[in-house]
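Student: If you read the sequences in order, they're chains S and P. First residue of the first sequence? That's 1 in the UniProt record's numbering, and the numbers climb one at a time after it. First residue of the second sequence? That's 1 in the UniProt record's numbering, and the numbers climb one at a time after it.
Derived by calculation from the structure, the hints in this document are not laboratory data. Heads up, some of the hints might be wrong.
Which copy is meant is left open, so a pair is good if it fits within one copy or across any two.
Calculated pairs, SDA-like style, for lysine to any residue (alpha carbon to alpha carbon, straight line, at most 25 Å) [said to hold, decoys possible]:
{"#": "1", "residue 1": "10", "residue 2": "36"}
{"#": "2", "residue 1": "362", "residue 2": "186"}
{"#": "3", "residue 1": "249", "residue 2": "24"}
{"#": "4", "residue 1": "81", "residue 2": "275"}
{"#": "5", "residue 1": "81", "residue 2": "204"}
{"#": "6", "residue 1": "81", "residue 2": "26"}
{"#": "7", "residue 1": "10", "residue 2": "210"}
{"#": "8", "residue 1": "140", "residue 2": "297"}
{"#": "9", "residue 1": "249", "residue 2": "5"}
{"#": "10", "residue 1": "290", "residue 2": "202"}
{"#": "11", "residue 1": "249", "residue 2": "11"}
Listed below, chain by chain, are the residues.
Number of protein chains: 2
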Amino acid sequence: MADRYIPFTKVLRDLPASTPFVGPEALERRTGRAFRARLGANESCFGVSPKAAAAMREVADQVWKYGDSESFDLRRALAAKHGIAEEQISVGAGVDEILGNVVRLVVEPGTTVVTSNGAYPTFNYHVEGFGGRLHMVPYKDGYEDLDALLAAVRETGAPLVYMSNPDNPMGSWHDAATINDFVRALPAGTLLVLDEAYIEFAPQAAAPAMDPDDPQVVRMRTFSKVHGLAGTRIGYAIGHRDLVTGLDKIRNHFGVTLVAQVGALASLNDPDFLQGVIDQVAEGRRDYEKLARRLGFRALPSATNFVAIDVGGAERARFLLNALQDEGVFVRVPPVAPLNRHVRVSVGTPRERAIFAEALEKVAADMPAETEDG
Amino acid sequence: MADRYIPFTKVLRDLPASTPFVGPEALERRTGRAFRARLGANESCFGVSPKAAAAMREVADQVWKYGDSESFDLRRALAAKHGIAEEQISVGAGVDEILGNVVRLVVEPGTTVVTSNGAYPTFNYHVEGFGGRLHMVPYKDGYEDLDALLAAVRETGAPLVYMSNPDNPMGSWHDAATINDFVRALPAGTLLVLDEAYIEFAPQAAAPAMDPDDPQVVRMRTFSKVHGLAGTRIGYAIGHRDLVTGLDKIRNHFGVTLVAQVGALASLNDPDFLQGVIDQVAEGRRDYEKLARRLGFRALPSATNFVAIDVGGAERARFLLNALQDEGVFVRVPPVAPLNRHVRVSVGTPRERAIFAEALEKVAADMPAETEDG
Chain S
1 MADRYIPFTK VLRDLPASTP FVGPEALERR TGRAFRARLG ANESCFGVSP KAAAAMREVA
61 DQVWKYGDSE SFDLRRALAA KHGIAEEQIS VGAGVDEILG NVVRLVVEPG TTVVTSNGAY
121 PTFNYHVEGF GGRLHMVPYK DGYEDLDALL AAVRETGAPL VYMSNPDNPM GSWHDAATIN
181 DFVRALPAGT LLVLDEAYIE FAPQAAAPAM DPDDPQVVRM RTFSKVHGLA GTRIGYAIGH
241 RDLVTGLDKI RNHFGVTLVA QVGALASLND PDFLQGVIDQ VAEGRRDYEK LARRLGFRAL
301 PSATNFVAID VGGAERARFL LNALQDEGVF VRVPPVAPLN RHVRVSVGTP RERAIFAEAL
361 EKVAADMPAE TEDG
Chain P
1 MADRYIPFTK VLRDLPASTP FVGPEALERR TGRAFRARLG ANESCFGVSP KAAAAMREVA
61 DQVWKYGDSE SFDLRRALAA KHGIAEEQIS VGAGVDEILG NVVRLVVEPG TTVVTSNGAY
121 PTFNYHVEGF GGRLHMVPYK DGYEDLDALL AAVRETGAPL VYMSNPDNPM GSWHDAATIN
181 DFVRALPAGT LLVLDEAYIE FAPQAAAPAM DPDDPQVVRM RTFSKVHGLA GTRIGYAIGH
241 RDLVTGLDKI RNHFGVTLVA QVGALASLND PDFLQGVIDQ VAEGRRDYEK LARRLGFRAL
301 PSATNFVAID VGGAERARFL LNALQDEGVF VRVPPVAPLN RHVRVSVGTP RERAIFAEAL
361 EKVAADMPAE TEDG
């Protein structure tokens, strides 16, 4: 079989093997120990709505059926919630999947795409996976630098630009007026992916009004964060009808599980649970802020369910990441400057926050001295 | 906003809106009535292993966690089952998703892909979605015509050819020796997608031995059929390590749900349930055969959990499809000749088979006369 080979495309041959994230289970297998506090995967530590869990349990023996390929009931509920048309909503198996499909709509080999250096790696993964070229602008003071993003779009003529609001991994946010100014300033024919995975945790002023008639904005929403349904894989895009039609041309029509559709719908109908999560997250953010101050660090203001703690340098952050892992605490450190001087930690339950606080205090005592370039 | 537009790629602009299948829920919404017997979506009417259902219920409140991005436990179990290495298995959110990714590995705009005319529409959907060109050869006497497929591959130099064994939608099968001859005859650099979604229902002689060291074959297996887990979306590919690495470069690493992983593993560990499904399906196939004979039709021998019934002509088949739908019975008729003279019906439970038999007998009485070209 020496002459037999796999006829990969050029894009695939040129593509290095990469994984956007190493998951917590994979880390546990590598280290041979289980995490006591799972605070690094941007999950919701406050669990699932009991109504959603009950609805999912109820369909456990019904999953011989494919899920509805049109996610009809869920789209109808989402349309009502957002005051838009069902034809302006595309449901997918999580934002990761939808991001890949949106990239595929506009990126061919060689297409330039603009994003911030250190923003969502899975978006970058999709861009590179379709042969696109990333043009990355640096963060500025913990914020995505909208002026720099816009300048990069103009300079490169990129048809696609990514922004998350609130921001992952920093937790910062821009207000609706700023976002709207950015959108209006986009050149014709540049599509903005506005990733709003964490919007439910943000001040109301962070979310622009819905305008799905604008063909140049597609907004990403998810059930993985405040709804706590990450492990069922369901999210949605809000955009122009033509964009939804474009997604319909390429999406996996039967890809959203029956379990996810049922769980998401039940969760949407449990606003008390969701408000409870939001309130507990707000409380946890204040806890982390106090903890950071006590240890001489600085917690960045966050509009998400995680907090980026500036520990004073990249070397320190890396040290703390590893030391916390040895203590059974899973957090993340963004891999690029100037973000890499922060430890990003999900808001855990009070118990998980106590484990994190105790572990951080312990390992911080052995921390290396701060260096200039950290 | 008149000058604002979505910067679709040329492939997307040229791509017509299409959906591989209209799902049963969508049909119910169109007609305004629920199906009494859901026998058209290639689902398993014998449900889910009670062990799998219990395992899925147990994680219903754990789904705030993403599923393991490496599906480690499941891959280990599958590797043991098939006697191959974990690195030769790629788990995905159903065969539909994996098929799309395999197509993406080798198809760029203009690439020719060979398949049978009337074979799995979702494969074709992916090929066209990546700008590939389908070269389709006709079925022969209810079988995929391997000689014609091979001739087409040689003639076109296609890097990709699709075959299902057992066949969907006809239920026919080739034996392992025939498949192996086909594989050996492939030109170097042509990848065969061997879709074995229904292999558990087939005679043992239909499945070639595992040889994942051959870089030119990728086999598709699913939990949607005998395992009855269609609505959780989970399947896997078996192939060369380099092919699995290729999939790892582009797949959605966190795309397989926690629920699906847990359910699939529990189902794998319930061989008695699976054997029960296989036995009941065999019994149901015999029922359909008798029913067909009684009504003057011919049921094709089937190695799957559905049966294609030759009703004598395309016009008749279309009539029966619609008349059965009016009776609340959901079946399918393949859209292209010479397959379109068959009604394809899933093996239902005894109750569903009785509903189908009664409805078919009733509507067959009003059937149009057979025409020559039907």
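Student: If a hint holds in the structure, say so; if it does not, say that too.
Tutor: Hints, verified against the model:
1. 10 with 36: neither (44 Å within a copy, 50 Å between copies)
2. 362 with 186: neither (48 Å within a copy, 62 Å between copies)
3. 249 with 24: Between. Shortest inter-copy distance 19 Å satisfies the 25 Å Cα cut-off; intra-copy 34 Å does not.
4. 81 with 275: Within one copy, since 16 Å is at most 25 Å while 46 Å is not.
5. 81 with 204: Close inside one copy (15 Å), not across copies (52 Å); limit 25 Å.
6. 81 with 26: Answer is between; shortest inter-copy Cα gap is 22 Å, intra-copy 37 Å.
7. 10 with 210: Answer is neither: 40 Å inside a copy and 29 Å across each miss the 25 Å cutoff.
8. 140 with 297: within (19 Å within a copy, 73 Å between copies)
9. 249 with 5: This pair counts as between: shortest inter-copy Cα distance 18 Å, intra-copy 31 Å.
10. 290 with 202: within (20 Å within a copy, 64 Å between copies)
11. 249 with 11: Answer is both: 22 Å inside a copy and 11 Å across each meet the 25 Å cutoff.
Against the hints set out earlier in the document, violations occur for numbers 1, 2, 7.
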